[in-house]
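Protein chains: 2
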Amino acid sequence: MKIIVATRNPGKLREIRLGLEGLAVELLSLADFPAAPEVEEDGDSFAANAVKKARALCADTGIPALADDSGLEVDALQGAPGIRSARFAGEGATDAENNAKLLSLLHGVRPEKRTARFRCVIALAWPDGRVDTVEGIVEGRILEVPRGDQGFGYDPLFYSSELNASFAEVVTEVKLRASHRGKALARIRQILQFDVKRPEGSGT
Amino acid sequence: MKIIVATRNPGKLREIRLGLEGLAVELLSLADFPAAPEVEEDGDSFAANAVKKARALCADTGIPALADDSGLEVDALQGAPGIRSARFAGEGATDAENNAKLLSLLHGVRPEKRTARFRCVIALAWPDGRVDTVEGIVEGRILEVPRGDQGFGYDPLFYSSELNASFAEVVTEVKLRASHRGKALARIRQILQFDVKRPEGSGT
Numbered sequence: 001m002k003i004i005v006a007t008r009n010p011g012k013l014r015e016i017r018l019g020l021e022g023l024a025v026e027l028l029s030l031a032d033f034p035a036a037p038e039v040e041e042d043g044d045s046f047a048a049n050a051v052k053k054a055r056a057l058c059a060d061t062g063i064p065a066l067a068d069d070s071g072l073e074v075d076a077l078q079g080a081p082g083i084r085s086a087r088f089a090g091e092g093a094t095d096a097e098n099n100a101k102l103l104s105l106l107h108g109v110r111p112e113k114r115t116a117r118f119r120c121v122i123a124l125a126w127p128d129g130r131v132d133t134v135e136g137i138v139e140g141r142i143l144e145v146p147r148g149d150q151g152f153g154y155d156p157l158f159y160s161s162e163l164n165a166s167f168a169e170v171v172t173e174v175k176l177r178a179s180h181r182g183k184a185l186a187r188i189r190q191i192l193q194f195d196v197k198r199p200e201g202s203g204t
Numbered sequence: 001m002k003i004i005v006a007t008r009n010p011g012k013l014r015e016i017r018l019g020l021e022g023l024a025v026e027l028l029s030l031a032d033f034p035a036a037p038e039v040e041e042d043g044d045s046f047a048a049n050a051v052k053k054a055r056a057l058c059a060d061t062g063i064p065a066l067a068d069d070s071g072l073e074v075d076a077l078q079g080a081p082g083i084r085s086a087r088f089a090g091e092g093a094t095d096a097e098n099n100a101k102l103l104s105l106l107h108g109v110r111p112e113k114r115t116a117r118f119r120c121v122i123a124l125a126w127p128d129g130r131v132d133t134v135e136g137i138v139e140g141r142i143l144e145v146p147r148g149d150q151g152f153g154y155d156p157l158f159y160s161s162e163l164n165a166s167f168a169e170v171v172t173e174v175k176l177r178a179s180h181r182g183k184a185l186a187r188i189r190q191i192l193q194f195d196v197k198r199p200e201g202s203g204t
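Chains E and S, in that order, are what the protein sequence lines are.
Counted the way my numbering counts, the first sequence spans residues 1 to 204.
Counted the way my numbering counts, the second sequence spans residues 1 to 204.
No lab work stands behind these hints, which were simulated from the structure alone.
Hints are supplied without guarantee of correctness; some may be wrong.
Among the chain S residues that face chain E by a calculated CB cut under 8 Å, a handful are [to be verified]:
1. Ala36
2. Lys113
3. Gln190
4. Ile191
Every value quoted in this text rests on a predicted model; they were computed, and no experiment measured them.
Here a beta-carbon is modelled for each residue, glycine too, at the ideal position from N, C-alpha and C.
Take these sequences, add in the hints, and give me the full structure.
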């Protein structure tokens with residue numbers, strides 16, 4: 001079975017590939033479909049955006065499509081940046097700019113008040129019109145200085161007590177064991193194992 | 001692990017119990033929570049309604065909640081009754097009234113034009129705020145006269161070529177092998193197997 005992954009983010013794509021490794025699934029990416037249309041992420045939730053991206057790509061290519069929408073929710077910022085995580089410092093912002101904005105907004109906030117979570121919704125859209133969605137979250141807190149150079153996005157500022165490290169201080173394999181995306185991928189993996197065994201389209 | 005099922009429909013509850021049998025999960029029902037609030041199914045899709053019901057019940061009880069929203073889409077009726085399946089012949093309509101309305105609207109439509117599908121979205125809402133959704137569909141056609149007295153809803157009018165029978169002519173165990181709800185439950189089962197093994201809340 002082929003599945004196309006609806007992301008232009010190389011970090012996400014790498015994690016998705018790793019999280020689904022070993023399944024009898026061939027993962028394609030947008031690089032294989034250069035003409036695939038851009039989808040505006042204008043939904044009001046991670047789920048709405050993930051479903052919109054997956055549905056659009058599945059409709060365009062005719063093959064099952066997987067999309068991830070995810071972000072950081074900081075309690076001291078009333079859940080911001082949330083669905084605006086990727087463009088927190090403006091459209092086209094770099095990871096460094098987004099991280100700098102986050103640190104600046106949290107300036108002077110004490111460690112115990114810097115609680116936050118990463119949330120990830122993965123949607124899987126099927127050519128027959130079905131959509132499955134799964135969600136993973138991980139609790140942590142925002143560091144006062146970045147740590148580590150692995151990962152992407154807000155990883156250098158996100159401290160996981162489970163890992164006793166920031167998400168940028170561990171290799172991807174270790175991050176996925178604890179991360180929001182790793183947990184969502186583990187669930188999608190469960191669903192895909194079912195579909196690989198019993199393809200819906202075959203009527204079996 | 002306990003899960004509460006957000007349905008007052010005894011037919012649905014029976015199928016959900018059967019579909020999740022054998023999992024290390026104790027299924028509770030609304031009968032165990034008589035004070036649980038009614039939820040208005042005013043969403044514009046099966047998914048929206050299922051998520052709304054599951055979230056509300058999970059928030060009310062503090063335990064994971066599973067909700068099903070499902071219905072019949074008839075091609076000759078441009079997808080009706082759809083999300084209005086349970087109340088097609090009006091609020092509080094009986095199965096017999098809904099079936100009669102469907103037959104009446106399809107009067108004179110030839111068998112090959114009576115194609116239809118059942119669609120089922122199951123949402124699972126978790127106390128940590130996550131929601132997983134899975135979807136199952138089954139293709140079939142609408143009979144000209146009801147057949148069988150098993151099942152519920154539109155089952156006597158829904159002919160499955162896979163089963164070579166209406167959904168009301170087979171016992172629940174057989175219906176679940178082919179049905180929209182059976183397919184959705186098989187996916188939820190996969191997800192739950194993951195969660196039973198590795199409870200999200202435990203941080204493992």
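Evaluated hints:
At about 23 Å, the closest approach between the beta carbon of alanine 36/S and any beta carbon in chain E exceeds 8 Å, and the interface hint on this residue is violated. Below 8 Å, beta-carbon pairs count as interface contacts, and lysine 113/S has none with chain E, the closest being about 20 Å; its hint is therefore violated. The beta carbon of glutamine 190/S is positioned within 8 Å of a beta carbon in chain E (closest approach about 4 Å), and the interface hint is therefore held. About 5 Å separates the beta-carbon of isoleucine 191/S from the nearest beta-carbon of chain E, less than 8 Å, and the hint is met.
Of the hints listed earlier, those the structure fails to meet are numbers 1 and 2, in rising order.
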